[in-house]
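All chains should be modelled from the sequences, with the hints used to inform the complete structure.
So the sequences go chain by chain: A and B. Using our numbering, the first residue of the first sequence is number 1, and each one after it goes up by one. Using our numbering, the first residue of the second sequence is number 1, and each one after it goes up by one.
Hints were generated in silico from the structure; no laboratory data involved. All values reported here derive from a predicted model rather than from experimental measurement.
Just some of the chain A residues that point at chain B, by a computed CB distance under 10 Å:
#, residue
1, V13
2, Q15
3, A23
4, I91
5, Y306
Here are the computed distance ranges between Cβ atoms for each label pair:
#, chain 1, residue 1, chain 2, residue 2, range
6, B, T391, A, V239, 40 to 50 Å
7, A, K174, B, L238, 39 to 49 Å
8, A, L230, B, R245, 47 to 57 Å
9, B, L230, A, K418, 54 to 64 Å
10, A, R32, B, K224, 32 to 42 Å
11, A, R241, B, R245, 40 to 50 Å
12, A, R32, B, S64, 43 to 53 Å
Ideal Cβ placement from N, Cα and C applies to all residues, glycine included.
2 protein chains.
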Amino acid sequence: MEQDFTELVTRLVFQLAIILVAAKLGGEVCERYLKVPPVLGELVAGIIIGPFALGGLSFLGLESLFEKASKAVEASGGIPVSLELFSLSQIAAVVLLFAAGLETNLKQFLRYAGPASLVAVGGVALPFAFGMGATLLFKPGGLSGDALLYSALFMGAVMSATSVGITARVLSEKHKLDTPEGVTILAAAVIDDVLGILVLTVVVGMATPGEQVSASGVALIGGKALGFWLALVGGGILVSRYISRVVGSFRVSGARVALALAIAFLCAALAESFGLAMIIGAYSIGLALSGTPLARQLEEPITAVYHALVPIFFVVMGMMVDVTAMGGVVFFGTVITALAVVSKVVGCGIPALATGFNRIGAWRIGIGMLPRGEVALIVAGIGLSRGVIETDLFGVSIMMTIATTLIAPIIMVSAFGKGGAGRRGHPSPEGGAVDVAR
Amino acid sequence: MEQDFTELVTRLVFQLAIILVAAKLGGEVCERYLKVPPVLGELVAGIIIGPFALGGLSFLGLESLFEKASKAVEASGGIPVSLELFSLSQIAAVVLLFAAGLETNLKQFLRYAGPASLVAVGGVALPFAFGMGATLLFKPGGLSGDALLYSALFMGAVMSATSVGITARVLSEKHKLDTPEGVTILAAAVIDDVLGILVLTVVVGMATPGEQVSASGVALIGGKALGFWLALVGGGILVSRYISRVVGSFRVSGARVALALAIAFLCAALAESFGLAMIIGAYSIGLALSGTPLARQLEEPITAVYHALVPIFFVVMGMMVDVTAMGGVVFFGTVITALAVVSKVVGCGIPALATGFNRIGAWRIGIGMLPRGEVALIVAGIGLSRGVIETDLFGVSIMMTIATTLIAPIIMVSAFGKGGAGRRGHPSPEGGAVDVAR
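Structure follows, in structure tokens:
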């Protein structure tokens, strides 16, 4: 029986080897020949080696590398990889966002918290309305009655998702994390996460027979999540110097990186238990610690851990994509994809314009909020596993997710690469507009 | 249903936070106050927070941190932690031994391959004989007949185990990995692993009703393992410069550490599929790559990944220890522990003396081979799950494992700390004896 554990671990280690090689090959092709962000190559590498493509086939009588394991997929709400691999990818995402937090300029972040809130609200409301409206209008699959309504609500929820991982990585590689646009995007992603949970709670509640959705219940969930987040960042900032000193006082080797990761993991788990995503907790404590001596000492070791783990996150994200599921829904899928792009860029761009950004800045923010990534896949997976949406709308969600996730990093590079201030008016003495041009 | 996966991952991330903090607190106490190797503190921290001690209790109505999950334990052959956590600890062990391989001096290793073979044979044969003999003599638990014979064979197998992780870490921290003693210990551990598999194959085969153990079958298993290992190291050395060049030619960021880890994971998985332990594969490819430009470039990033992961391995190793299982077997446990120490030190020391080491060197090698670690726990777990040994002898195995695993690093520090050449005669021009004093 002991064999079972050892065999499973051996399989995982072999999968990791393939994943890391595929990630770096894909990244290298993008960097060297296609001149697009390497993260794209990692995502596509994941699609190619994933359980729905090459990884699902068995060669020469060998077992397939990543079996679809349909039972496991159902049990896990549409996640087609093993729990061990999924766990590792989530740990990688925590490291990614913790590193992004450490790199962010806290003062900048706080300065743009106001604009970010408006950007987040616009970036959820408009895509939700468009997704719901389009579904009601086109009645895909001949839906009608309650089934149509619930499907429409779910498509709205899927459309309103934001995945900040890809944006954080591109901003980090281009050293734009602490520009006004960079901090606005990341702050908006935090608030977006809170709003996303509320939307999902309401939609799932409405679509579940016999379940009541009360306004006070929704307010409680939102209040709990937002209250925790404010306490985490506020408390984190207050004790950040103290944490930095205590961690720095350890003499045993490797204490800094191990304890910093422990803090990130702890805050990630706490965030999840308060209804937020783990990565929001990790980003927030990284943000609170940014600017401390510890953050500077962590730069090199955390980068090494990042390089070892983060490709696993993006490849696994690609592995979740079932390209074949998009077959019969190309028309509605194209409509939804176009609406997803327009509604996010406009929904985020207009509040940005209204809060002091110019058109360059608003465009950057809109594009940065575009990728739906694993968040939309997970929401769509919940819909599928609860029977609210069928495989055709799941396919549409995947098509929209792939398109927005692959388009965003390419446009981001050109949007941020051109230079030019993203804020209206001349470079202010506070440095708001200057930072962009660094 | 999706909740399940997310909940499990959140739990894992929370556990990792506690594990890393406990590891560094334990390590700090050892380093600063007790003046013993930090790895001891990590092991003891694991015992304390593990499922058999604090981690198994539930406080304030909260769930226990590490549930014993008796069903899972049985299904996994005595491994009392979740598959996700066990997987991570095994990945950490692969990184540990890969780093040890990179640090080893390949020429030194090859020079001491001969002595190491004899050390390995002595270090398996004598403990096996002592473990079997003592069990037959003392008849613990009133065993008799076949049950006594099979129990005795199993105790022999448990006693002959060697866990090279602790030794590799202490040698690495003290910069003694490429001394004659250091390379002899690690080379012996490789051969020991091959021998250990053979012993276990024979013992399990004999104890399983209806199964036949043929000499040719055992020879085939041993030949396959040894043949693979020779091919891995030989082939690895031949292509190491080429690997170094190819990996170095990648332009995308983080390619070096990701691809190096991929190679380590691949060799680890291959080793396991050829009947060797994963860590042997990782060590061997690290050894083959040592001395290449890649190995030098990897030094810093691999150290950072090491610091992030390796404490998880040692804490999880501690978590596997059920202290309460040692209750009723203190006398026989003490006998077996004493014999385990004597037989390993003598069994490895005499071949060392016979192959050019002096008494200092032989003592260092004997102590370095002493820890049984997770290898003995796994062998004992196989015995328990197959019903060959009962919980009393399992308890004895654990007591012996704890004692040898905790004693070894303490003695190693003093044995290697004093300085003095470990080889007979004056420092030779080839540098054999000089290296020790570095």
